Amino acid sequence: MLSAPCSTPFVRRVAAFVLALGFLFVSPSLLAASSPIVAVGVHEAPPKISFDAHGRPTGIYVELLDEIARQEGWRLQYVVGSWPENLDRLERGEIDLIADIALTAERRQHYAFPRVPVLSSWFQVFASKRQNIHSLRELDGKRILVLERSVQEQAFIRLAERFGLNPILLSVPNYPTMFAMIANGEADAIITNRYQGKWGARKYGLNDTEVLFEPNALYYAAAKGDPKHLLAAIDRHLLAWKEDQGSLYYDALKRLADEDASSALSPWLAIAGSGLLGFLLISIAIGVFLKHRVNVRTQELQQENAERRALQQRFMDIIEFLPDPTFVVDEHKRVIAWNQACEAMTGVKKDQVMGQGDYVYADAFFGHRRPTLVDLLDRPDPPAETSYTQLDRRENRIYAETFFSSPLTGQTRYLWAVASPLYDQDGRRSGAIEAIRDISEQRKMAEAVRASEREYRELVTLANSIIVRWQPDGRLTFLNEFGQRFFGYAASELIGRNVIGTLVPEVGSDGRDLKGMMAELTRAPHQFERSLNENMRRNGERVWVDWTNKVVTDAKGEMREILSIGSDITERIQAEEQIRLLNEDLRRHAETLEQRVAERTAELAAINEEQRAIFESASAGILLAKERIIQRCNRKLETMTGYDPGELVGQSARILYPDEDAFIRFGQEMSARLASGETCSMEQPIVRKDGSLFWARLSMCASDTHAPFKGVVGIIEDITAEREATEQLRQALEAAREADRVKSIFLASMSHELRTPLNSIIGFTGIMSQGLAGPLNPEQHKQLGMVQKSARHLLALINDVLDISKINADQLELVAREFALRPSIEKTVKLIAPLAEEKGIELRVDIADEVGKIVTDQRRLEQVMLNLLNNAVKFTEQGWVGIVCRQEGEGYLLTVTDTGIGIRADEIPRLFKPFYQIDSGLARKHEGSGLGLSISKKIVEMMGGDIGLSSEWGQGSSFTVRLPGRSQEETA
Amino acid sequence: MNNRLLVIEDNEQNLYLMQFLLQKSGFEVVAAEDGIAGLDLALQCDPLAILLDIQLPKMNGFAVAAELRRHRRLDRVPIIAVTSYAMVGDREQILASGATGYIEKPINPETFVAEIKSYLPEGLEAADDWTPHPRCRR
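Here the protein sequences come in this chain order: A and B.
Quick note on numbering: the first sequence equals residues 1 to 972 in the numbering used here.
Quick note on numbering: the second sequence equals residues 1 to 138 in the numbering used here.
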């Protein structure tokens, strides 16, 4: 709908309708003609399938199919529909072909596919410009549109699962809806194949993201079995077209790739279209006339059907609405209703039972098929009835209770159920209904009430406390068994009598008049909720009872009775009196003892004073602790930790530690050391009173090494300043290292940038000197050679810089593998030969016969050999340069010797330093980065070998490389 | 049997250089200048081999190689990384992403074509269940 001008959707819809009608009504009238009719399902998928102003489909699939139909003599009828609609039509055989379908194994079951596809493409995510989506991860939680029942839908779900993403996938039936939704901001991204995506991206300003997945081929597909034998013809035409670049197929592909899928209709096509339209209209008129009567009758039948369905639907809605699980069976005991409550209770879904008989409903409740209440309506079934705890028949209904153990959830419930037969309007049995109610809760509650009553009764009668109930006027109404035994009365002797004069004596043993006591209690009951009273047994014996009194009021708040619970405390009262007397004695003895202690203390105080002076003047914090409780500490420790004088004494040493762990750790360390008489010393953050921390050095030793449990002496020094200095030093060092590393990475990436343009400089000069781009005259050849040489030199310099920066950044890595050393040496020598030849220097190669395989990084080893040989040739004006290889133990010895200028003894130590060249300065004669030897040394060292040299000024030099047979990388 | 190579390279000069050398040796060259266009052409041109740069717009060479290797039909086409990318582990990473070989830039014009040829499979049948790009005849 979106590809055409505004006025067209209506026109197109009408046209589509006409086409569809044409398919339905015209077919019989055309059967006379011999050309087969082929109905083709098309959906709007621009630019592959679009619709022109007349609603006629266009695009590559239509163009190709039109041509195939023309040649094969088919009459095409395009049936317009959404993608899922057309898939269903094809499956039902209502149409013969569908266009633009990807092949899957599952689809092969339902449709027939040709061998040759029309298009291939990738699926891709196109995102709204408002969303800044570039990668798969950014799709998490985003709203993504995808065509319903499409291959890309399944493919994307798999992709999202693989990466653990949870996008919100919205399925839509067609592309116009998809593009409209993304344009309105109702979604964040869409999934299409690239043809459509690029088209939509241009039209609706979508971003093509980097999320590209699953290449796919798109076909025409036929109804299953290809009854009209269409596919062979399609394959034949497509294959022929694909062989011919000038074919219709390539034209269509080009237009698709150019992406100007125009929906404009060429004039002749419009004329042809309207001609076809006229023809169709006449056909329709005839069709309508012939079909009229059939249609009238069909409508009547449809009307009746609709009413019956509506009635049935209403009945179903009522059943569905019922809160109790309810199901209905028809006269054949097939389930015709199964409501939501039923689903919820049994876990069995409606569609698992609907329309089924054979006791399928019993399965849900009993886990197997057997007669249930609805079956017992018709005939008794004693074995089935035993599974109900109650079974009651009233009129024509059955009421029953039963246990239900859900076969699915395993939960056990107690159910009440009722079943009733159903009759139709003629009074015939038409089925039965059963409703079930979960009464587990009610039963549980009733059981709980009964149990609670029983417990209460037992509590009161059997309690080991006195329980009394009496009226506000003092008359007793109840005394429990324990109370009867305790006071010596039988209940019958007491009930109805006043408390005063029976349980409460009129006069207390201290002479107090107790007659008014009950009146006081009833007047202000709250003061007497708990009271200790003197009471009296039947035999007159006085006892002490601890009473708890509770006033029971009626609904109006009036006092109805008092409930008193008491326990005998006579013995306790007597014991308390004895203790009081003993205490008196003890106090008298203690006074004399204290006198003696005071005298001794005064003596010790004098000695202590001297120690205190030392203790207080110390510059470190000092504490004495016993079992980790601070016994004493000096003022220095208090100021250091921010505590007030004396505040730390008596505290656990825990308050000085930042956390429990540190406290325990130090404790363990300490107990281990102190036992052996050592001093325990540790650096540890200490927490001040205000919560701030400082670093301290703790030193602890036992105050008496023979008995560490007696206590420890601790010295605590503030080492904040000391530590800060160390930390600053460390940071400075770290920063320097980081700067160095960043510099090296920068150098490495710069070298890469420099090499990109060099690629084309070296490449094109190479091409030109080879004459590939045309002949050169000798001068041009010579100059080009110079350009090439300079470029190669520049490249060598850049490579050296790259290598040295990798070395400095610790990023140089060796890849060790086994190779033969001899050919490797020979190859390197061959590379240097032209240079030596140019200078007239002889190259001598001497490789011992026993030299075989080596395991190391071949490329890097050749780099080292080339560097040494290159240096040797460079610094030798006449004579020879030689390379010698010998086996040495498990490894090899490589020596490069020359007869050049040599190296002065004092130069040798500096030789392997980076950027160093012997003849540095303006007069430098030998070009090079000065990095080669330094790089070579590092590489050889990484290989587990070493490099050394002997030289005599003016006589030449000899570099010796010692290599292990297997590099360390490999053996590690 | 075609003799088509796909070159995915965003530097115009380097692309021209490779194209020149390969065409001189009788290859047909199809070029893409970003990763996604490269994937499209890989699918639609059925190339004998793919020459792949690593630093590319839209989708880098590691991702392109990995995506190609995920799918039947595309997973056997040789991928030759041609790149001046020279940081540690690049070679290992591109090979792990699915590349068959690795040619470091600057390329040597005298040996370049021979190196490419050494990666080409023999007797590869053109696929017929994939469809061509208009630039590439089957």
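Honestly, the hints are just simulated from the structure, not real lab data.
Here the structure is a predicted model, which is why all the values come from computation and not from measurement.
Among the clues, some could well be false.
Unchecked claim - One-sided and incomplete, this derived list gives chain B residues near chain A with beta-carbon spacing under 10 Å: (1) Asn14; (2) Lys24; (3) Val29; (4) Met59; (5) Ala63; (6) Glu92; (7) Gln93; (8) Lys105; (9) Leu120.
Here a beta-carbon is modelled for each residue, glycine too, at the ideal position from N, C-alpha and C.
Any hints this thing doesn't respect? Which numbers, in order? Hints 3, 7, 9 contradicted; others consistent.
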